[in-house]
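> Chains A, B and C supply the protein sequences, listed in that same order.
Residue 259 in this note's numbering sits at position 259 of the first sequence, with consecutive numbering throughout.
Residue 1275 in this note's numbering sits at position 275 of the second sequence, with consecutive numbering throughout.
Residue 2272 in this note's numbering sits at position 272 of the third sequence, with consecutive numbering throughout.
For the record, the hints were derived by calculation from the structure and aren't laboratory data.
Within a straight-line C-alpha distance of at most 27 Å, the following computed DSS-like cross-link-like pairs (lysine-lysine) qualify:
(1) Lys2175(C) - Lys2033(C)
(2) Lys230(A) - Lys175(A)
(3) Lys2044(C) - Lys1033(B)
(4) Lys1035(B) - Lys2142(C)
(5) Lys2044(C) - Lys2142(C)
(6) Lys130(A) - Lys95(A)
(7) Lys2130(C) - Lys2119(C)
(8) Lys1033(B) - Lys2142(C)
(9) Lys1119(B) - Lys1095(B)
(10) Lys33(A) - Lys1044(B)
(11) Lys1044(B) - Lys44(A)
(12) Lys2044(C) - Lys1035(B)
(13) Lys1044(B) - Lys2044(C)
(14) Lys2175(C) - Lys2230(C)
(15) Lys119(A) - Lys142(A)
(16) Lys44(A) - Lys2044(C)
(17) Lys142(A) - Lys2033(C)
(18) Lys35(A) - Lys1142(B)
(19) Lys142(A) - Lys130(A)
(20) Lys119(A) - Lys1095(B)
(21) Lys1119(B) - Lys2095(C)
(22) Lys2035(C) - Lys44(A)
These stretches of chain C come out as covered by chain A in the derived footprint (C-beta under 8 Å, 3 or more residues):
(23) 2056 to 2064
(24) 2182 to 2192
(25) 2300 to 2312
(26) 2316 to 2323
Ideal Cβ placement from N, Cα and C applies to all residues, glycine included.
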Amino acid sequence: MSSQPSSPQHLIRLSDLSPAQLDDLLELSLRMKRKGARAPQSGKTAGLLFFRGSLRTRASFEAAMTQLGGSTINLSAAADFWELESQVGSIMDGKPPEHVKDAAAVMSSYVNVLAIRPKPAGNSWAVDRKDTEIHTWASYAKVPVINMESALWHPLQALADLMTLREALGELRGKELAIVWTNSPTPATPAVVNSLLHAALSRGMRVRVAHPAGFELDAGVLDEAATLAKEHGASVSCGMSLAEGVRGAQVVYARSWMSLEDYANPTLAATRRSRQTGWMVDERTLALGAEARLMHAMPVRRNLEVSDAVLDGPRSLVYQQAENRLHSQKALLVQLLRG
Amino acid sequence: MSSQPSSPQHLIRLSDLSPAQLDDLLELSLRMKRKGARAPQSGKTAGLLFFRGSLRTRASFEAAMTQLGGSTINLSAAADFWELESQVGSIMDGKPPEHVKDAAAVMSSYVNVLAIRPKPAGNSWAVDRKDTEIHTWASYAKVPVINMESALWHPLQALADLMTLREALGELRGKELAIVWTNSPTPATPAVVNSLLHAALSRGMRVRVAHPAGFELDAGVLDEAATLAKEHGASVSCGMSLAEGVRGAQVVYARSWMSLEDYANPTLAATRRSRQTGWMVDERTLALGAEARLMHAMPVRRNLEVSDAVLDGPRSLVYQQAENRLHSQKALLVQLLRG
Amino acid sequence: MSSQPSSPQHLIRLSDLSPAQLDDLLELSLRMKRKGARAPQSGKTAGLLFFRGSLRTRASFEAAMTQLGGSTINLSAAADFWELESQVGSIMDGKPPEHVKDAAAVMSSYVNVLAIRPKPAGNSWAVDRKDTEIHTWASYAKVPVINMESALWHPLQALADLMTLREALGELRGKELAIVWTNSPTPATPAVVNSLLHAALSRGMRVRVAHPAGFELDAGVLDEAATLAKEHGASVSCGMSLAEGVRGAQVVYARSWMSLEDYANPTLAATRRSRQTGWMVDERTLALGAEARLMHAMPVRRNLEVSDAVLDGPRSLVYQQAENRLHSQKALLVQLLRG
Chain A
1 MSSQPSSPQH
11 LIRLSDLSPA
21 QLDDLLELSL
31 RMKRKGARAP
41 QSGKTAGLLF
51 FRGSLRTRAS
61 FEAAMTQLGG
71 STINLSAAAD
81 FWELESQVGS
91 IMDGKPPEHV
101 KDAAAVMSSY
111 VNVLAIRPKP
121 AGNSWAVDRK
131 DTEIHTWASY
141 AKVPVINMES
151 ALWHPLQALA
161 DLMTLREALG
171 ELRGKELAIV
181 WTNSPTPATP
191 AVVNSLLHAA
201 LSRGMRVRVA
211 HPAGFELDAG
221 VLDEAATLAK
231 EHGASVSCGM
241 SLAEGVRGAQ
251 VVYARSWMSL
261 EDYANPTLAA
271 TRRSRQTGWM
281 VDERTLALGA
291 EARLMHAMPV
301 RRNLEVSDAV
311 LDGPRSLVYQ
321 QAENRLHSQK
331 ALLVQLLRG
Chain B
1001 MSSQPSSPQH
1011 LIRLSDLSPA
1021 QLDDLLELSL
1031 RMKRKGARAP
1041 QSGKTAGLLF
1051 FRGSLRTRAS
1061 FEAAMTQLGG
1071 STINLSAAAD
1081 FWELESQVGS
1091 IMDGKPPEHV
1101 KDAAAVMSSY
1111 VNVLAIRPKP
1121 AGNSWAVDRK
1131 DTEIHTWASY
1141 AKVPVINMES
1151 ALWHPLQALA
1161 DLMTLREALG
1171 ELRGKELAIV
1181 WTNSPTPATP
1191 AVVNSLLHAA
1201 LSRGMRVRVA
1211 HPAGFELDAG
1221 VLDEAATLAK
1231 EHGASVSCGM
1241 SLAEGVRGAQ
1251 VVYARSWMSL
1261 EDYANPTLAA
1271 TRRSRQTGWM
1281 VDERTLALGA
1291 EARLMHAMPV
1301 RRNLEVSDAV
1311 LDGPRSLVYQ
1321 QAENRLHSQK
1331 ALLVQLLRG
Chain C
2001 MSSQPSSPQH
2011 LIRLSDLSPA
2021 QLDDLLELSL
2031 RMKRKGARAP
2041 QSGKTAGLLF
2051 FRGSLRTRAS
2061 FEAAMTQLGG
2071 STINLSAAAD
2081 FWELESQVGS
2091 IMDGKPPEHV
2101 KDAAAVMSSY
2111 VNVLAIRPKP
2121 AGNSWAVDRK
2131 DTEIHTWASY
2141 AKVPVINMES
2151 ALWHPLQALA
2161 DLMTLREALG
2171 ELRGKELAIV
2181 WTNSPTPATP
2191 AVVNSLLHAA
2201 LSRGMRVRVA
2211 HPAGFELDAG
2221 VLDEAATLAK
2231 EHGASVSCGM
2241 SLAEGVRGAQ
2251 VVYARSWMSL
2261 EDYANPTLAA
2271 TRRSRQTGWM
2281 VDERTLALGA
2291 EARLMHAMPV
2301 RRNLEVSDAV
2311 LDGPRSLVYQ
2321 QAENRLHSQK
2331 ALLVQLLRG
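Throw the hints in and build the complete structure from the sequences for me.
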C-alpha cells in the first residue's frame, strides 16, 4: 500500500494489501458468493488493457464489474491501439507513438480503475522480472491499477486460490500444499506459482514445490518465501520429485511454468521440456496425497498436465476455483472503489 | 429441448424449441417491436464468443441484451484468446491450450447465457455438418447456449425470417416461398437456407429451392424437410431454374451458398461458381412472382446477387428483416432467461 | 445541419453545428465537468465502428456513453467484421461483401447513434479529402453519425480543444494561437489542425500556422479559413518558422501532420520529413510566447515533438485537454440524443 495518502491503492502483487485488507477481502468474497451482490458501482467504469490474450481473466473481470452495476472498456493492444513506450526520458523516434505515462494519466481521467495485463518482452528474465511496464502504469495512474498477470505476479489468481483453499480446507495453518510442475508445450511464467506460494505461506501453510531440475523458481521470490515462512510459522521446500511433492498433501496444485534458465531461448527451452516425462497428475499420483484435492489455474492441457479422470473426478476443484475468480474480483472492486 | 429437467435449454437449431415455444416467441417478438421493452435482464450477462467475424449478429445481439438492461461480454477468438480443443479424450499436446468442456464450464459460472459462432474447419462437409463444436459447448455448458450460425443451422436468422414473413404475409399456411441461389465470390454454408427451409415447412408453406446443378442442399436436411412437409401439409421441391422458382411466389428469398460437392476444394468451387450466370434477382425476375417481396439475410452483394433497383425498391424487405433480428433476439433472451 | 426536418443531425465537421448549438455545447461541457452527469441515456446504445485503431477516442467515447447510463457496441473492422463497399452502383464482385448503405441502414435499426472512424485509403489526397466513406454513412444512416476523425476533420477533438482554450484563456476573441508542425515518423493527416483552425477562427482568434515548406494545409480548408477569418474579425497566416509562429502566442498547439504533396508516396514523405530539424517544442521555444501554454491532441512523441520538460511542466494543458474529450463528448451525446 502506498504511503502517500492521496495516491491510489494499486494491486501489483498480493503484498500490496495489508493483512487486515486481505482478511476483509476474503470475507467479502465468500459473502459475495453466498448472497450475490448489488453493490453501488453504478456509473463507475473499469478500463481493461490487454497486451496479451485472456479468456478467464477478461470474462470474469467484465462479469464482476457489470454485475456490480458498473461498466467496462476493453482495449486489446493488438486489435485496438498500439505499442507504448515505457522507458522514461527516451527520444521517441521508434515504433511506439505514445508513452505509458501519458496513456496512464489520460486513462485515469476516463475510468475509475485500470486493470492491465502486460506482455513480457521475453528477451531476459532479469529484465522482465522487474515488471517495469505495470509499475510504470501504477506510477503515473491516478486511479487504482490492478495487475491482471505480469511476468512475476498474478494477484487476482492468488485471491481466488486463497478463497478456494479456505472453502476446501477451512483453517489453512499447518495444512499441506503441493505445487507441482506439469509439462506443457506452452508454459507460462511462474507468476501464478509465485503469488500462490507467498499467499499460502502468509497463511501458515506447509508448501512443497515439486519440479524437475532447471525449473527452479526466481531466487528473489524464494528469498521472500523463506522470510514469509519464518514470520508465519510456515514452511517451504523445493525441487523434489512429483511423488515426493504430493505425498501427504491435502491439495495438489498443478501448473506448468517455463525454465528461467532458458527464458530467452525457445529452442533450448523446448529441448529441456521434452526431456521431462512423468510430470502429469493422474489418479495414481493423487492417491499419494491425504485425500488430496486438485487445483489448477487453467487453461489446462488435458492428459498432458492432468488426466481426464482427475479433472472430471470428485477431487477436482478447478471449476470452483475458476468461479471464485468472479466472486473475489467483485470483492476487490468493491474494496478498491469504496474510497 | 433437453429431457433432463435440470439441464439448460439450448438453441442449436430451431427445432430445439417446441411448437408452443416458437409461437410464444413470435408473439413476443412482435410485441417487443411494437412497444419496446424494459424487461428485467438487469444484472444479467451474455457471453458472446466469435470464432468468425460478424456485423449484424453481433451488433443486434449486443443491442438486444443491453436494451433489455443486461450486459454483454464479447470475445473474439482471433483477437482475444485462443483455439479450443473439442475432441474428447485427446492428449492435448497440440496448438489449443484449452478444451471446450473447460471453457464451457468456466464461462457458465460467469454469465447467464452463452452465444457462440463457431468456425467450421472447412476440410470436409461430412465432418463439419456434425456441428461438433457447438454441440460440445452445449453438452458442457450449465447455461443456455445459443447458436449464432454453425455450419448447418442459423436459428437466430430463422426467427427473424419467420417474424418478417408473418408481418408481410399474415398467415403462412399455403403461401409460396422461393428460395433462390445467387452468385457470390464468398458464399456461406447453407445454414441460413437450412433453418429457413425447415421453419417455413413447419408453418405449412409451399417452398421451392431454385439452384444450379451441383448446389444441392445437404441430404440429411432434405430428408427432414420431406418429413416436415408431410407432417404440416406443406411442400418442398428443389433444383429448378431461377425463373421456375420465382414464378408465382409471394416471397423470393435470395441467398448464396457454397457447393457441398466442392466444400473442401476452393479452386474447384471457384470454377464451378464462375460457370453460373443469370442467378441474380432483378426487377424482371421478381416480376415473375405474385407481387413478390424480396428477402435476403445479408450481407448482400449488390448487382451480383440482387440488383440495386430491387434492393432499394418498394418490394424489398431486407431492412425490416435485419431490424427484426433485434426484436426476435430480445424475445428469445427474455424467454431463455425467464427460468 | 441537414435541411430535411426528419433527417438526423450528423457531426462530420464542426460547422455541422449552428453557432447557437456550439455555444450550448460548450456551456454544457463545462457544466458536465463541474457537476458530473446522470443524464437519461439509460437504454440507449451507441455503435462505435473503428476502421483504424484508437485509444483516447475509443476510451473517452465509451466512458462518456456508459457514464451517462447508456451502452456501447464496439466493432473493429480488422478483428470483428469486414471491408465495406462505398461506391454507389458498383457490381460487388470484389473483396467487400457488403455496402456501406446497407450497413448504415441496418445499424440504424439497432443503435441510437453511430460513431465512425474511417480509414483513408492513402492513394490520393484529392480522393481521400472528400471523406466519401463517412459522408456515405451519414447519407444512409437514420440516426446521427459522429465523425471520430476522417481524413479532413476531427470535430470531437475540436470540441475538447475549444473547451480547453476557453478554460485557459477565457474570452477567445483576439487571443493568439500558434499551431506548430512537429516532427514524427508517424504523422497523421491534418484533420486535427483543420478542425482546430476553423474552430479558433470562428471564435475570433488570431492564428498562426508554422510549418516547413511542403507541409502546406489543404487549399480548400485554407480558403474556408480565410472566409471565416473575415466573417469573425479573426486572422490567419501560415508557413512561418517555429520561432515566428510561437512569438507572442498565448497557446502553442503542437501537431505532426503529413505532407499532402507526398501523400501517396511514403518513401518521398520519409525523406522530406527527415530533412526537417528543429521542429520540436522545448522550454526555449515556449519562452518566445506570451506565458504560452502548450496543447497537443496526443499521442505525443516525447523529446521528438515536445520535450519532457514542457510536457511535464506547469505550462502543459495536455492532460486537461484529453480529459475534456470525456466531458465534451458527454455534452454532445446529450445534445444529439435529446431529440
